[in-house]
Amino acid sequence: MVIERYRPFTVMVAVVVVTVSTLLLVWAIGSLPPESPGLSAQVSANLINSGVQAEVTAVLLNFRGYDTLLEVSVLLTALLGVWYLGPFHITSDTPVRGLVMDNMVRFLTPVMILVTGYVLWLGSHAAGGAFQAGALLAGAGVLVQVVRPEWLALRDSRTFRGLLIAGPAVFVLVAAGMMLLSGSMLEYPREHAGSLILLIEAASTLSIAAILTMLFTGGRPHPGAGN
Amino acid sequence: MTLMEYLFDGLLGITLIWLAARAVFAQSLFGAILSFIGLGMLMALAWVRLSAPDVALAEAALGGGVTGALLLAAYNRLHHPTSNQMNQQDGH
Amino acid sequence: MSQYLWYALVGTGLFSIGLLGLILHRHLLRRMLALNVMSTGVFMIFVALANRNSALPDPVPLAMVLTGLVVSVSATALGLVLIEKVQRQHGTPVLPEDDA
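Protein chains in written order, with this note's numbering: chain A, 8 to 234; chain B, 35 to 126; chain C, 210 to 309.
Where hints are given, some of them may not hold.
[To be verified] The following label-pair restraints were derived from C-beta to C-beta distances: (1) B/L37 - C/Q298: 53 to 63 Å; (2) B/S62 - A/F16: 24 to 34 Å; (3) B/H113 - A/S43: 44 to 54 Å; (4) A/M186 - C/V280: 24 to 34 Å; (5) C/D307 - A/E42: 39 to 49 Å; (6) A/Y91 - C/P305: 19 to 29 Å; (7) C/D307 - A/V33: 25 to 35 Å; (8) A/L87 - B/Y40: 43 to 53 Å; (9) A/F16 - B/E39: 38 to 48 Å.
[To be verified] To spell it out: a stretch of chain C is covered by chain A in this simulated footprint if at least three of its residues, at any positions, have a beta carbon under 8 Å from a beta carbon of chain A; those stretches are: (10) 223 to 231; (11) 234 to 241; (12) 254 to 263; (13) 267 to 277; (14) 284 to 293.
No lab work stands behind these hints, which were simulated from the structure alone.
Where a beta carbon is used, it is the ideal one built from N, C-alpha and C, also for glycine.
Using the sequences and the accompanying hints, generate a full structural model.
Listed below in structure tokens is the structure:
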């Protein structure tokens, strides 16, 4: 057990603050009604209008689509911050090699790409969606970047930048298109809602995977072809 | 709620708190990061218990996987900086 | 004790442990860990409170927690790169005003 600030005054203040906030939280949780349906009734009632059959996906990409648009933009903004802070370098002088690691990467990467596509498609009628699929693909990207970075060959090229902004760009274009069509942003027409959501999710999956892999490398790649 | 469910939820909750205490207060930083990855994996189990499979998928991939990888990479960069990192010029 | 109440209390415990670590640590990577533990606790409280009805859980807090997970990952990533820069400048991953 390690605490780094040893002065008894600091420790006492910390314990008092944490105890007070814990008691406040417990009191707040205890004073909430034990049975509260929240918004699940409204969501279930409007599910047929949303274009998907899963409640959480409908809330994420249709009813509260603006939040998801901003969330993908936050990912991109964090990446811009990381890129500004300097170039990245391979994190170890001795690359990770060996029989088990090599074969695991060769076996796992196509499996993970396949599962990504499945989870993305699954989001329309069960648990799944763009963020889970993008995170899975990012896991594959991190694995490949650690063991065989030459497969990825991350370069600051125009195509790579296009891949990074594809998700937010498609989302913004769809939102603007809906604004031109029907006057309010992100209001999908009922018969096309499912396909529009799938389009947005597919672009976002690729973007999220690329952004998370770049966040793992922790810097800007070297300039490459096309820039 | 059956007895097995009580036991399972209780045990899971206690393990989560124990892992969190280790993640924050462990002596070795590396052990703390590993406890945090374990916390992320058990959180995915807790999300399934709370009928939130979407969040469970996202937590397993993001919380345990990506955040764990980020923390380990940062730990590596802090404690074993490579030679080209030490000669690196700052800025861009 | 119902299931949602137990998990809400566990989430509160996680939040408090994280808050204690955030205040009492100087090493920036440990503070990052404590911050992540705090946010995990908050998400647990959210999802536990969303489970209060007998049928399906309320999907709006679940969507908010999903969004929060992704945002916290990106904030952690940016914070970790900043910690590395602090160490490059000061030689130790502790902020200069704490390094007394």
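Here's how the hints hold up against the structure:
Distance hint check: the CB atoms of B/L37 and C/Q298 are about 57 Å apart, consistent with the given range 53 to 63 Å. In this structure, B/S62 and A/F16 meet the distance hint of 24 to 34 Å, their C-beta atoms being roughly 28 Å apart. Evaluation of the 44 to 54 Å hint for B/H113 and A/S43 yields a pass: the beta carbon distance comes to about 48 Å. A hinted range of 24 to 34 Å holds for the C-beta pair A/M186 and C/V280, which are about 25 Å apart.
Range check, C/D307 to A/E42: about 47 Å between beta-carbon atoms, so the 39 to 49 Å window is met. A hinted range of 19 to 29 Å holds for the C-beta pair A/Y91 and C/P305, which are about 22 Å apart. Distance hint check: the CB atoms of C/D307 and A/V33 are about 31 Å apart, consistent with the given range 25 to 35 Å. At roughly 48 Å, the beta carbons of A/L87 and B/Y40 sit within the given window of 43 to 53 Å.
Between A/F16 and B/E39 the beta carbon distance is about 45 Å. The supplied range of 38 to 48 Å therefore holds. Counting residues of the segment 223 to 231 of chain C whose CB falls under 8 Å from any CB of chain A gives 4; the rule of at least 3 is met. Proximity of the segment 234 to 241 of chain C to chain A, defined as three or more residues with a beta carbon under 8 Å from a beta carbon of that chain, is established by the 4 residues found. Closer than 8 Å: that is the beta-carbon criterion, and the segment 254 to 263 of chain C has 6 residues meeting it against chain A, so the requirement of 3 holds.
Three residues within the 8 Å Cβ limit are the bar, and the segment 267 to 277 of chain C against chain A gives 9, so the coverage statement holds. For the segment 284 to 293 of chain C, the assignment as covered by chain A holds, since 7 residues bring a beta-carbon within under 8 Å of that chain's beta-carbons and 3 suffice.
Consistency with the previously given hints is maintained throughout, with no hint failing.
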